[in-house]
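Undergrad: So you can see what is in the structure, the chains are spelled out below.
Protein chains: 2
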Amino acid sequence: MTLKAPLVLPLSQITGILETLNLIPLIEQGFLALSSNKAIVPPVGELLFDNPRGEAHIKYGYILNQPYYVVKIASGFYENPKLGLKSSQGLMLAFSQQTGVLKAVLLDEGYLTDIRTAIASMITLRYLAPKNIKSIGIVGTGIQAKLQLKYLKEVTPCKNIMVWGRTAEKIEAYKASFKNSDYNISITSSIKELANTCNLIITTTPSKEPLLQESQIKKGTHITAIGSDTSEKTELDSNIIKKADIVVSDSIEQSKSRGEIYRARQDDCLNPNKLIELGNLIKNPALGRQNNQQITVADLTGVAVQDIMIATAILNNLKNI
Amino acid sequence: MTLKAPLVLPLSQITGILETLNLIPLIEQGFLALSSNKAIVPPVGELLFDNPRGEAHIKYGYILNQPYYVVKIASGFYENPKLGLKSSQGLMLAFSQQTGVLKAVLLDEGYLTDIRTAIASMITLRYLAPKNIKSIGIVGTGIQAKLQLKYLKEVTPCKNIMVWGRTAEKIEAYKASFKNSDYNISITSSIKELANTCNLIITTTPSKEPLLQESQIKKGTHITAIGSDTSEKTELDSNIIKKADIVVSDSIEQSKSRGEIYRARQDDCLNPNKLIELGNLIKNPALGRQNNQQITVADLTGVAVQDIMIATAILNNLKNI
Numbered sequence: 007m008t009l010k011a012p013l014v015l016p017l018s019q020i021t022g023i024l025e026t027l028n029l030i031p032l033i034e035q036g037f038l039a040l041s042s043n044k045a046i047v048p049p050v051g052e053l054l055f056d057n058p059r060g061e062a063h064i065k066y067g068y069i070l071n072q073p074y075y076v077v078k079i080a081s082g083f084y085e086n087p088k089l090g091l092k093s094s095q096g097l098m099l100a101f102s103q104q105t106g107v108l109k110a111v112l113l114d115e116g117y118l119t120d121i122r123t124a125i126a127s128m129i130t131l132r133y134l135a136p137k138n139i140k141s142i143g144i145v146g147t148g149i150q151a152k153l154q155l156k157y158l159k160e161v162t163p164c165k166n167i168m169v170w171g172r173t174a175e176k177i178e179a180y181k182a183s184f185k186n187s188d189y190n191i192s193i194t195s196s197i198k199e200l201a202n203t204c205n206l207i208i209t210t211t212p213s214k215e216p217l218l219q220e221s222q223i224k225k226g227t228h229i230t231a232i233g234s235d236t237s238e239k240t241e242l243d244s245n246i247i248k249k250a251d252i253v254v255s256d257s258i259e260q261s262k263s264r265g266e267i268y269r270a271r272q273d274d275c276l277n278p279n280k281l282i283e284l285g286n287l288i289k290n291p292a293l294g295r296q297n298n299q300q301i302t303v304a305d306l307t308g309v310a311v312q313d314i315m316i317a318t319a320i321l322n323n324l325k326n327i
Numbered sequence: 007m008t009l010k011a012p013l014v015l016p017l018s019q020i021t022g023i024l025e026t027l028n029l030i031p032l033i034e035q036g037f038l039a040l041s042s043n044k045a046i047v048p049p050v051g052e053l054l055f056d057n058p059r060g061e062a063h064i065k066y067g068y069i070l071n072q073p074y075y076v077v078k079i080a081s082g083f084y085e086n087p088k089l090g091l092k093s094s095q096g097l098m099l100a101f102s103q104q105t106g107v108l109k110a111v112l113l114d115e116g117y118l119t120d121i122r123t124a125i126a127s128m129i130t131l132r133y134l135a136p137k138n139i140k141s142i143g144i145v146g147t148g149i150q151a152k153l154q155l156k157y158l159k160e161v162t163p164c165k166n167i168m169v170w171g172r173t174a175e176k177i178e179a180y181k182a183s184f185k186n187s188d189y190n191i192s193i194t195s196s197i198k199e200l201a202n203t204c205n206l207i208i209t210t211t212p213s214k215e216p217l218l219q220e221s222q223i224k225k226g227t228h229i230t231a232i233g234s235d236t237s238e239k240t241e242l243d244s245n246i247i248k249k250a251d252i253v254v255s256d257s258i259e260q261s262k263s264r265g266e267i268y269r270a271r272q273d274d275c276l277n278p279n280k281l282i283e284l285g286n287l288i289k290n291p292a293l294g295r296q297n298n299q300q301i302t303v304a305d306l307t308g309v310a311v312q313d314i315m316i317a318t319a320i321l322n323n324l325k326n327i
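Just so you know, the sequences run in chain order A and B. 7 is the number of the first residue of the first sequence in our numbering; add one for each residue after it. 7 is the number of the first residue of the second sequence in our numbering; add one for each residue after it.
Chain A on its own, in the form it takes in the complex (with noise of 0.2 Å):
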């Protein structure tokens, strides 16, 4: 039997496709089927590169009962824009579970997997914000710093941005980013200024020293820490984890080798019995937020889950595969 070619899936092709889906309910059921044992999710693999710096993560697994085994590999290279290109690369591929047979080679060019990490940040933000969002901390200018925006609208109301970034130019290129958009962006170059008015705070930063300290946070704060996705990087304080009275992970399995609770457990600052698995709290959103005093933490370092069901949602809207 001769092999249907595999599907390739140019960029603009899968930005199509992404706009007609409902991306929230898409990616939180690919954590209810990780934290229920429906998902079948094997260790990041890594490499290193150090001249010029960069990193590549390969996620993949499957989720039982589905057509497509999913491998992603996505990488960070920090020198990139220098050279005009995104720093984020990557693509997805989506295998049969039944043959293992290529179907389809998503050339996202690292979008997708923006695309589900932001949206994985609103998803905790729908169990874990404060009710009296006053304004919205942005710790970073980049990709993920830009993408909360396009998408915070989906889970609150509250127009009001301060962004931090680390030199005046990224701050400002970032904020007219912004300038045709419905948000009011206020910057600054102080941390404890962003802590001290925001009650929200998302932070998206490749930061390996911590970028927040525990004397900063307010009460009644939730913080969502995106940019922290292997065991080198931190951008909280492990106080802040010591402090909360919620701690979130996406996969308590990779938090013990990567991420801001790798960080606190490293430090002694981890209270098992406060840290929920984000398919639990979305099983259970009685486990999130009581009140608008307690300081909860939602640490993502990135699922393979995430990937499976946001490439398979873009299959299942074609029909030639």
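None of the hints are false.
One copy or two, it doesn't matter: identical chains are merged, so the pair holds either way.
Computed list of lysine-lysine pairs in DSS-like fashion (alpha-carbon distance at most 27 Å, straight line):
(1) Lys88 / Lys10
(2) Lys109 / Lys88
(3) Lys152 / Lys10
(4) Lys198 / Lys137
Since the hints were derived computationally from the structure, they do not count as laboratory data.
Assemble chain B onto chain A, guided by the hints.
TA: Chain B in isolation, oriented as in the chain A frame:
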């Protein structure tokens, strides 16, 4: 900057280029890089499927000072032949080591994995086969069992082949597929007869029970074991490894968790002083077979350096990349 779309190479184009390559020295370079600490090769990623039974391996890495990092996905779904499909499937991906940008998708349907595996077997024979090869025993009747005969002529003039298989039907089909070749193919349903007749044996099955026993192996025999690439598969009684004068592994690191050497180590049958990594044997052929009395074993679990070398060589033959 708009990304240049990656090249997508169909199998027909890949096989065309493959015919022009001198594969044995090419793959040898990969093993040399591995054993010289010039290759970054993380642990193999693995996905297992129960219904139908299947497995997928992800092998990936890069060689310093080469243009690409390579990710290879290869699967075995053993019910596929009933559907008229090859059990082995897969593809290779080449990304820039400088930017992470995807440069090429090699839609080889598992063929490059099959070829680089057969070539590694030939490399072991160059250094370990006895000089007086009387007859070559092939254990198994599948893809690898056939591919050995495609390349054996590059390392030995011997044309006497004895093949063993699980069913008379498969053995006869194997023999029939070479009816127009210059090989003299005899068949057997007795492993003992095969071991008694042949002083060069290549095992190619996914068996989970040892097929060859220590008592069957005559002095002067070389065995290359290709089939086992997981912790569960095994074709050789561990006492064969114990009895052998020289034991060669394509990757000593991988042999700690997969293949015949893994099994022998578990069974306390491995003398580490006899163990040589294939790249070191290539570097110093004097470490190989000394005479026609020694028993030698090579255990191949398949290493990403093989995939990196074969994918890179194919891309180096293209002008438009």
